[in-house]
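Novice: So the chains spell out like this:
2 protein chains.
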Amino acid sequence: MIFYDCATAPSPRRARMFIAEKGLQIETREISISEGAQLSEAFLAVNPAGTVPVLVTDTGLALTENIAIATYLEAICPDPNLMGETAEEKALVAMWNTICESRGGLPIAEAFRNSHPAMKGRAVTGPRNFDQIPALAERGMARVADFFDLLEARLSGSAFLAGDRMTLADITGYVFVDFARVVRLRLPDTHKAAQAWYAGMAERPSAAL
Amino acid sequence: MIFYDCATAPSPRRARMFIAEKGLQIETREISISEGAQLSEAFLAVNPAGTVPVLVTDTGLALTENIAIATYLEAICPDPNLMGETAEEKALVAMWNTICESRGGLPIAEAFRNSHPAMKGRAVTGPRNFDQIPALAERGMARVADFFDLLEARLSGSAFLAGDRMTLADITGYVFVDFARVVRLRLPDTHKAAQAWYAGMAERPSAAL
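In order, the protein sequences belong to chains A and B. To convert, count from 1 in the first sequence and add 1; that's the numbering used here. To convert, count from 1 in the second sequence and add 1; that's the numbering used here.
Keep in mind that the hints were calculated from the coordinates and are not lab data. Any given hint might turn out to be false.
It does not matter which identical chain is used: a pair holds within one copy or between any two.
Stated by the list, open to error - Calculated cross-link-like contacts (lysine to any residue; reagent style SDA-like; alpha-carbon spacing at most 20 Å):
#1 Lys121 / Ala136
#2 Lys23 / Ala50
#3 Lys121 / Ser207
#4 Lys193 / Leu151
#5 Lys121 / Glu139
#6 Lys121 / Leu210
#7 Lys121 / Glu36
#8 Lys23 / Leu210
So that you can see chain A by itself, here it is in the shape it has in the complex (with noise of 0.2 Å):
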């Protein structure tokens, strides 16, 4: 297999997160978004979307959003399971990733995109280069406080976001409210169980690679 990665972005470092909880050593290769190389020719042949993470598997599939690696991990490499063992834990997994990914990456990525001069008419992942809209990027910092109220009463009651233990939602929920610095967001003093989290998750060795 080949793990093509970014040091600096969070989709890749959900993928990378999750590739180190299980124990994987996959080989890696480092695709630098600041310089450009997500639009190479050379990788816009494994993955013409452009984006990173993608997981080129034994076979040669291009596996290229976080949540189908997740799954292909999960399925050829069952232990320590992160994505659930029984039908309930299996669907709150998937839902809390969900959740983390439509309430927080995405307001967290428009405000981002639509604001940074750094991605100036690259508000949009992908070949194609889209303007920048100052109003979503506006939109997404309102967004944002919305999400970690919601983690803050979600945490409040559950250890971790699908029940007591970590799953790939806790990674994807963490690595999002870690990339809201590129916003200047992060999780309000008064969010005493979402700050408890967070901290547990910044100790995990996974998280410092």
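Mind docking chain B on chain A? Use the hints.
Specialist: Just chain B now, kept in the frame of chain A:
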């Protein structure tokens, strides 16, 4: 189990088709979005996010995201398989399901919710109101065209999105392509492979529900 549905919206339609393809009959309650029932006190007690679909399990767990509902039903009712048998097939289903959401469903929703008069002040689902952003509607339209091209490229070499049989990914793709009618976008006549796939999906009894 109780399934909270809405006859007019694409997200609950995805779950409705999945349930039908599984051959399941689940007690269903209609939540009329046109009447604002998704934001009623009664429904917010079921799902504080104010979104449909929701599947409440027999143990009272409220699953609020399509992928969570599908994951749960696939686990408790494995036949017919709709989310993949092998590691590679599972990964491909997850990948194409996500691609259809992020590169199809999201831009279509952006185009619709940020332009249609009925969506004024409702540019984002959920209890909080957000103003429409016309530039986002415009961007959404451009991205939907790219999505149609992507479908054509994939379906020119594969009978279905994840391989040689119908899966969750096709339900997601089909529902969003159909929903694009709300922004007056349809698969171009030049997209023969995607057209054939779409026609096949439209003929399934689950598509008529």
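Novice: Taking the numbered hints from earlier one at a time, note which ones the structure violates and give those numbers from smallest to largest.
Specialist: The structure breaks hints 2, 3, 6; every other hint is satisfied.
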